[in-house]
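> Letter by letter, the chains look like this.
There are 2 protein chains.
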Amino acid sequence: MKTAAILTIGDEILIGQVTNTNAAFIGQKLSEVGIEVVRTLVVGDNEAEIMHAFREYEKEFDVVLVTGGLGPTHDDITKKVVADFFNVRLVTDDSVLANVRDRLSKRNIAVRKVNEDQALVPEGCTVLMNHWGTAPGMLFEREEGFFAVMPGVPHEMQNIMTEYIVPRLKQKGAGQVIKHRVLKTTGIAESSLFELLGDMDSILGGKAKLAFLPSQFGVRLRITVKAGTETEADSVIADVESKIRSRAEKYIYSGGEVDIEETVGRLLKQKNLTIAVAESCTGGLISHRLTNVSGSSAYYNRGVVSYSNEAKMELLGVPADLLDHFGAVSEEVARSMAEGIRRISKTDIGVAVTGIAGPTGGTPEKPVGLVFIALSDSGGTIVRKHIFPDERLRFKDRTSQAALELVRRRVLGLA
Amino acid sequence: MKTAAILTIGDEILIGQVTNTNAAFIGQKLSEVGIEVVRTLVVGDNEAEIMHAFREYEKEFDVVLVTGGLGPTHDDITKKVVADFFNVRLVTDDSVLANVRDRLSKRNIAVRKVNEDQALVPEGCTVLMNHWGTAPGMLFEREEGFFAVMPGVPHEMQNIMTEYIVPRLKQKGAGQVIKHRVLKTTGIAESSLFELLGDMDSILGGKAKLAFLPSQFGVRLRITVKAGTETEADSVIADVESKIRSRAEKYIYSGGEVDIEETVGRLLKQKNLTIAVAESCTGGLISHRLTNVSGSSAYYNRGVVSYSNEAKMELLGVPADLLDHFGAVSEEVARSMAEGIRRISKTDIGVAVTGIAGPTGGTPEKPVGLVFIALSDSGGTIVRKHIFPDERLRFKDRTSQAALELVRRRVLGLA
Numbered sequence: 001m002k003t004a005a006i007l008t009i010g011d012e013i014l015i016g017q018v019t020n021t022n023a024a025f026i027g028q029k030l031s032e033v034g035i036e037v038v039r040t041l042v043v044g045d046n047e048a049e050i051m052h053a054f055r056e057y058e059k060e061f062d063v064v065l066v067t068g069g070l071g072p073t074h075d076d077i078t079k080k081v082v083a084d085f086f087n088v089r090l091v092t093d094d095s096v097l098a099n100v101r102d103r104l105s106k107r108n109i110a111v112r113k114v115n116e117d118q119a120l121v122p123e124g125c126t127v128l129m130n131h132w133g134t135a136p137g138m139l140f141e142r143e144e145g146f147f148a149v150m151p152g153v154p155h156e157m158q159n160i161m162t163e164y165i166v167p168r169l170k171q172k173g174a175g176q177v178i179k180h181r182v183l184k185t186t187g188i189a190e191s192s193l194f195e196l197l198g199d200m201d202s203i204l205g206g207k208a209k210l211a212f213l214p215s216q217f218g219v220r221l222r223i224t225v226k227a228g229t230e231t232e233a234d235s236v237i238a239d240v241e242s243k244i245r246s247r248a249e250k251y252i253y254s255g256g257e258v259d260i261e262e263t264v265g266r267l268l269k270q271k272n273l274t275i276a277v278a279e280s281c282t283g284g285l286i287s288h289r290l291t292n293v294s295g296s297s298a299y300y301n302r303g304v305v306s307y308s309n310e311a312k313m314e315l316l317g318v319p320a321d322l323l324d325h326f327g328a329v330s331e332e333v334a335r336s337m338a339e340g341i342r343r344i345s346k347t348d349i350g351v352a353v354t355g356i357a358g359p360t361g362g363t364p365e366k367p368v369g370l371v372f373i374a375l376s377d378s379g380g381t382i383v384r385k386h387i388f389p390d391e392r393l394r395f396k397d398r399t400s401q402a403a404l405e406l407v408r409r410r411v412l413g414l415a
Numbered sequence: 001m002k003t004a005a006i007l008t009i010g011d012e013i014l015i016g017q018v019t020n021t022n023a024a025f026i027g028q029k030l031s032e033v034g035i036e037v038v039r040t041l042v043v044g045d046n047e048a049e050i051m052h053a054f055r056e057y058e059k060e061f062d063v064v065l066v067t068g069g070l071g072p073t074h075d076d077i078t079k080k081v082v083a084d085f086f087n088v089r090l091v092t093d094d095s096v097l098a099n100v101r102d103r104l105s106k107r108n109i110a111v112r113k114v115n116e117d118q119a120l121v122p123e124g125c126t127v128l129m130n131h132w133g134t135a136p137g138m139l140f141e142r143e144e145g146f147f148a149v150m151p152g153v154p155h156e157m158q159n160i161m162t163e164y165i166v167p168r169l170k171q172k173g174a175g176q177v178i179k180h181r182v183l184k185t186t187g188i189a190e191s192s193l194f195e196l197l198g199d200m201d202s203i204l205g206g207k208a209k210l211a212f213l214p215s216q217f218g219v220r221l222r223i224t225v226k227a228g229t230e231t232e233a234d235s236v237i238a239d240v241e242s243k244i245r246s247r248a249e250k251y252i253y254s255g256g257e258v259d260i261e262e263t264v265g266r267l268l269k270q271k272n273l274t275i276a277v278a279e280s281c282t283g284g285l286i287s288h289r290l291t292n293v294s295g296s297s298a299y300y301n302r303g304v305v306s307y308s309n310e311a312k313m314e315l316l317g318v319p320a321d322l323l324d325h326f327g328a329v330s331e332e333v334a335r336s337m338a339e340g341i342r343r344i345s346k347t348d349i350g351v352a353v354t355g356i357a358g359p360t361g362g363t364p365e366k367p368v369g370l371v372f373i374a375l376s377d378s379g380g381t382i383v384r385k386h387i388f389p390d391e392r393l394r395f396k397d398r399t400s401q402a403a404l405e406l407v408r409r410r411v412l413g414l415a
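Protein chains in written order, with this note's numbering: chain V, 1 to 415; chain P, 1 to 415.
So that you can see chain V by itself, here it is in the shape it has in the complex (with noise of 0.2 Å):
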């Protein structure tokens, strides 16, 4: 199992109307297993182009996965074609069948003909059991290839991949590991941090790569390395990424793909604090995405969205003075809103953000972008002014970033 394809089905991929972000899932957990993937083909819900992309594909590489047109619809034709292309025919599998209906029920929806059909799949293929939705995947396993069909729903597909995919491909074997790892970074630039690291020979030492993944949340920097075992490519991505860490540690919020409100999750409940939030200009995605957190109900108090005046006063009590004669983005009221939000909420931080998200609603003196983040415990309470003059909801990521970056730094003793 050295080689693979991905064939992607579907019109709203060709036209563009979706981005193909199936493929790029599937491409980085073939390449974690050390499969290389070849080909990368979309085509539209045609029984023709489905056909001729299966003739060719199971003949030329070891694992082709398939993935889209298994809905209900009239317009999802794939299992059809399946069938066909492998000559066998569709029979019900009970198990799918026990699923759909219980899935359904469990939403008070009436199971229908369509529905019923779901649990249709080529006589001869190992059933894998979607969990996570209605149309089922399905394998079709020889001593020389790997044939596998997945619904086109990213998460069921990304489940379905995880779940069984994957494993069994690891059990087959490729003969090589490619492994990655991922530190994420923030409150760094791409280009600064890139200095701060300095020499890349003497970091990576010819033995792994490293690549700058930018993006409104901070830079992602992207170890790989290929190995021939396991434990080879995890020492060399341990010496590389102690390397980085001895250069750039401050910067780091996690090791992996967890996002900062998790690292921050973590801080708070290992060091027994709570948090309460109030916002302006980001409205709401702060504590929504403190809130994303499973468990997060054990430190994350209550959030209070002060879009107008009247809230700012009213719930946080701020002084209308204040907002008389700093105005509502000012650092004054960001100190404000965020004591308030912490003495009401009898919380160890409080946390605040006021700015101008835009496009509209700025002035020479403040402009589209300015915000104001402040945090107050019992240390004191501290304010930071940001510009991020971007779109309106890239500026609320990035604000809402810059805030929960400055909650992991005060709790750690950074800032």
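Mixed in with the good hints there might be a few duds.
The list cannot tell twin chains apart, which means a pair is met if one copy fits it or any two copies do.
Unchecked claim - In silico DSS-like pairs for lysine-lysine, Cα to Cα no more than 30 Å straight-line:
| id | residue 1 | residue 2 |
| --- | --- | --- |
| 1 | 226 | 243 |
| 2 | 80 | 2 |
| 3 | 113 | 243 |
| 4 | 80 | 59 |
| 5 | 29 | 179 |
The set of hints was computed from the structure by calculation and includes no laboratory data. All of these numbers come straight from a predicted model, not from anything done at the bench.
Place chain P on chain V using the hints.
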């Protein structure tokens, strides 16, 4: 010029390090000028694979658009393969050389051999000058074929598409137009919507295609029409849309790619209504979404994330005995929260949600996924119960969507 294939070259896409947004962009543009994208392929920086794809696609499709592998470093081999494929030499183009020198000198970068090599182009091609970078686009245009190669850097590719490729393809004419129209629905399952619409032939009359695209936010319906002229296509789309609307109007919250928070925002503005939100399980997401819309301060007054019971009592005035007697996740508490946030905010509408996001915290009577959504306005308070047994973040998405949908329906007199 009726059919097209898109070929993207680059290892980083195969292994999923980068999502193939270039193919999506090109697909959209081709589709807009009436050319049908039949296949989208990704191959690595591998001579044999690239050549194989060139041979097959140039023969099979009217239009072949290639992107990627034109950079100055050793791993970029596309240009060499293009020259081999057309059996011509690489020759220096003076205007490209001047462009390369000019761009680098402006950035104070020394011009090296690898940079000068970017001015090498296959003899006889039409150079598409890259004013946004150093690697030129290349076009091979004949009566029966249109073969273009573009750099892979997204904004360079996009500019070359928009400036050169799209106008030429328009001029050549596809002899047809392809038009799409999206209708977004929510609050109805894919299979139920399919049944509700009934006989597809009577809706589509053989002149259009209809795709069902489900996500946690609802089912998007995409109507696709291929026709001789724009007017003809528009008339078919209008006809199909009116048939769909006559059967499912209630569930359609937008025509086009508009999110429900924007639809709700427009309605509130139009009817001069204000809103405030009290959230428990969604943790701020509803407020976040409402404030993603520029200008939302005109109708959005404030939000409260009352995660703890004390927050529900202190901020919203929920009586302690309601919480004791019915529990935080109950119809009664949802009602009290909605009425509370409306009272303290003095808004026209108060919306509240309380539920169990999971994965922990469920009981047999109150399972993970259970949620109560309440809306209070001058006409009284209504409460809806849902069960969304899903992953935590998808649960939050679905609940926020259902809450916004309830606002939409209420404002329109449908709930």
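> If a hint holds in the structure, say so; if it does not, say that too.
For each hint, the structure was consulted:
1. Taking the shortest Cα distances, residue 226 and residue 243 sit within 30 Å of each other inside one copy (18 Å), while across copies they are farther apart (57 Å).
2. For a Cα distance limit of 30 Å, the shortest separation of residue 80 from residue 2 qualifies both inside one copy, at 28 Å, and across copies, at 28 Å.
3. Taking identical chains as interchangeable, the C-alpha atoms of residue 113 and residue 243 lie at most 30 Å apart only when they sit on different chains, with a minimum of 23 Å there against 60 Å within one chain.
4. In this homomeric assembly, residue 80 and residue 59 come within 30 Å of each other (Cα to Cα) both inside a single copy, at 20 Å, and across copies, at 29 Å.
5. When the C-alpha separation of residue 29 and residue 179 is checked against a cutoff of 30 Å, the pair qualifies only within one copy, where the shortest distance is 10 Å, while the shortest distance between copies is 36 Å.
In terms of the numbered hints stated before, the structure departs from none.
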